[in-house]
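Protein chains: 2
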Amino acid sequence: MADVGIVKSESFVFATKPDRLKLDSGQFFGPITVAYETYGRLSRAKDNVVLLLHALSGDHHAAGRYTPADRKPGWWDSFVGPGKGLDTDKYFVICSNFLGGCMGTTGPSSINPQTNQPYALTFPSITISDMVRVQKALIDHLGISHLRAVIGGSLGGMQALEWTLLYPEIARSAIVIASTSCLSAQAIAFDAVGRNAIMSDPAWNKGNYYGTKGPSRGLAIARMVGHITYLSSASMRRKFGRALRDRTDQAQIFDDEFEVESYLSHQGQSFVERFDANSYLYITKAADYYNISERFGSLSNAFRKTLAKFLVLSFTSDWLFPPFQSQEIVKALMSNDKQVTYCNIQTDYGHDAFLLETETLARLVRGFLDHV
Amino acid sequence: MADVGIVKSESFVFATKPDRLKLDSGQFFGPITVAYETYGRLSRAKDNVVLLLHALSGDHHAAGRYTPADRKPGWWDSFVGPGKGLDTDKYFVICSNFLGGCMGTTGPSSINPQTNQPYALTFPSITISDMVRVQKALIDHLGISHLRAVIGGSLGGMQALEWTLLYPEIARSAIVIASTSCLSAQAIAFDAVGRNAIMSDPAWNKGNYYGTKGPSRGLAIARMVGHITYLSSASMRRKFGRALRDRTDQAQIFDDEFEVESYLSHQGQSFVERFDANSYLYITKAADYYNISERFGSLSNAFRKTLAKFLVLSFTSDWLFPPFQSQEIVKALMSNDKQVTYCNIQTDYGHDAFLLETETLARLVRGFLDHV
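Residue numbers (our numbering), protein chains in the order written: chain A, 212 to 583; chain B, 212 to 583.
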């Protein structure tokens, strides 16, 4: 199957004075730079746009390579391209880095033009709705007034849901994968441990670490904790079992000895190289606070004005955002007589399945998009 | 129900030169101080002894108070006492702090008499079997040749299993609660994150932190991670939901805001005050390495020479040592025609249920002990 080929990261700036963006916190914020990529061609009628929303550790580089020599393509290259799940022969796919991120869109590591210093913790509190408001500004900028679909997994699915609530007249359909209308106490607890690990690292320095090594140890721990929650116990057993690592040198007493240990250490380490710790704090906090039913009185109330058709997908072994949370969304939609297709996909990949069950997802998503 | 009243911590020393203890690592180690407590009275025939094995964060102070003013009794006071689950009117209960611990039995924080410094990481690698060998030395010292039962939950259950393997002629019965014959890859991964958090704390200083504040931040993170795994998602939902904390002062942006966050922070903090970080490293490593079927070729092989009657108990919502791991033990025992009673107790308390489902456990344990 062909790929999207060489792509280019683009950006645009908005919310400059005096048109700053009003955030949920009440604060007016700007300027905001938005980093984004697009794949495929926008039709004349501008009616083939799919907005792809990324998850916690993703970014706007969803597919393709920046140069032919790039070792790795975008994070969902297996799913976005000609003939793939999001078929770029048919659809114009937009993916933007979300507000608060660290890959080009304004976030805590960005320079505050008023001080010429990184925002650090002077960056405002943000919500999932604020992220979506920024995406709305982007599609306005691109002259797009309707979205064939919004699609995302995990935190991306929460943004997709939010699109149907904030802009029901724009989002024609929503594909919500391994997501939830609010995090469980357990999921909040894991996020809290991650934040604690970052903030406990003396190198965090109350968020003022730019120009230094930063809280790389704390961030690595946060990522390790997160990574366990993305896999299922069964997939960890299959992948690692209790196998011990091959060693060439003399083992130190508490070195990583099990393969699962060295895998997690590697995940933690490589994350540190590409992610900003303060972004991790802001984004997980936005996720923890997200609570649709609290905002609208009930989940059923929330979806009353939604006009989108829904495809809701969960994974049987996902224990971070378990299937019952998707089913609550489906029930709320059905109680409003909304059009919704739901599938609980049998897999033991856990939460990560949204990046791994590519063929199953592609079949379901293609079929759904053909009919919206 | 009456309590055991005022108790006294006792200790004895063995493995002095030239009789040092041979550890699984091959190293000869000593001297070893063993801290222990006893409850109830030893019968003339010395046939009413129950050896109680504690879990990761427990110690030998299982029941009673040291002084009438003590705010808190021993960790299993609800279960050990006159007329309770372990009925001290009938049984002489012994509980010792295990090897590698930090509550009186020799561990990495103990002074190495050869250097007059704490062992720190010069403490030898230890195993669950080594812990049991030290307990055997204790009962020898007390002149006891048979145990009516060995009983423990979680890591304590692993020691109980090990007793039936190492000393089949001594352990007449074993009560194994919420335990396993080997940790899952996921459980090892959580332990690895905890160890990483400790060792990533600069205050850990390669284990040489005695006399300083020590890696309290890393140890707190390790405890927080652990604590999530001890609870079930359902019990966290019931206990905390998504409730926000009451606040009197102005919130800092990343302060603990959800009740579950402040609960975990508190758990982490109070653990730091009573536990040694190096002990945490050594003990979790011993747990991770424990693997009965690997040692014996199969679980069924392992139990061939066991003479004990078994009571195996698991909890439906325990996802750290899930029921299927208990069931594997039960199947292996049955394949050897051993006497085993198994109950998978319906509860949503998760792994922690072994400390909470006191009445159910008491009924099952009393009934079992009456017939061994």
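Because the hints were derived from the structure by calculation, they are not lab data.
Heads up, some of the hints might be wrong.
Identical chains blur together in the list; that is why a pair holds if it fits in one copy or across any two.
Mimicking EDC-like on lysine to aspartate or glutamate, the simulated pairs with C-alpha atoms at most 16 Å apart in a straight line are [stated by the list, open to error]:
(1) K417 <-> D467
(2) K417 <-> D466
(3) K219 <-> E470
(4) K516 <-> E380
(5) K542 <-> D581
(6) K542 <-> D281
(7) K417 <-> D288
(8) K219 <-> D548
(9) K219 <-> D466
(10) K542 <-> E221
(11) K542 <-> E484
We went through each hint and held it up to the structure:
Within a single copy, K417 and D467 get their C-alpha atoms only as close as 30 Å, which misses the 16 Å cut-off; across copies the closest is 15 Å, which meets it. When the C-alpha separation of K417 and D466 is checked against a cutoff of 16 Å, the pair qualifies only between copies, where the shortest distance is 12 Å, while the shortest distance within a copy is 30 Å. Neither within a single protomer nor between protomers do K219 and E470 lie at most 16 Å apart by alpha-carbon distance, with minima of 37 Å and 44 Å respectively. With identical chains, the CA atoms of K516 and E380 are at most 16 Å apart within one copy only, with a shortest distance of 9 Å there and 72 Å across copies.
Taking identical chains as interchangeable, the C-alpha atoms of K542 and D581 are never at most 16 Å apart, the minima being 24 Å within one chain and 51 Å between chains. In this assembly of identical chains, the alpha carbons of K542 and D281 never lie at most 16 Å apart, being 44 Å within a copy and 52 Å across copies at closest. With identical chains, the CA atoms of K417 and D288 are never at most 16 Å apart, being 37 Å at best within one copy and 42 Å at best between copies. Taking CA atoms no more than 16 Å apart as the test, K219 paired with D548 passes in neither setting, with 41 Å inside one copy and 68 Å between copies.
Taking CA atoms no more than 16 Å apart as the test, K219 paired with D466 passes in neither setting, with 41 Å inside one copy and 39 Å between copies. With identical chains, the CA atoms of K542 and E221 are never at most 16 Å apart, being 39 Å at best within one copy and 61 Å at best between copies. Taking identical chains as interchangeable, the C-alpha atoms of K542 and E484 are never at most 16 Å apart, the minima being 41 Å within one chain and 47 Å between chains.
Going down the numbered hints, you'll see the structure goes against 3, 5, 6, 7, 8, 9, 10 and 11, while the others check out.
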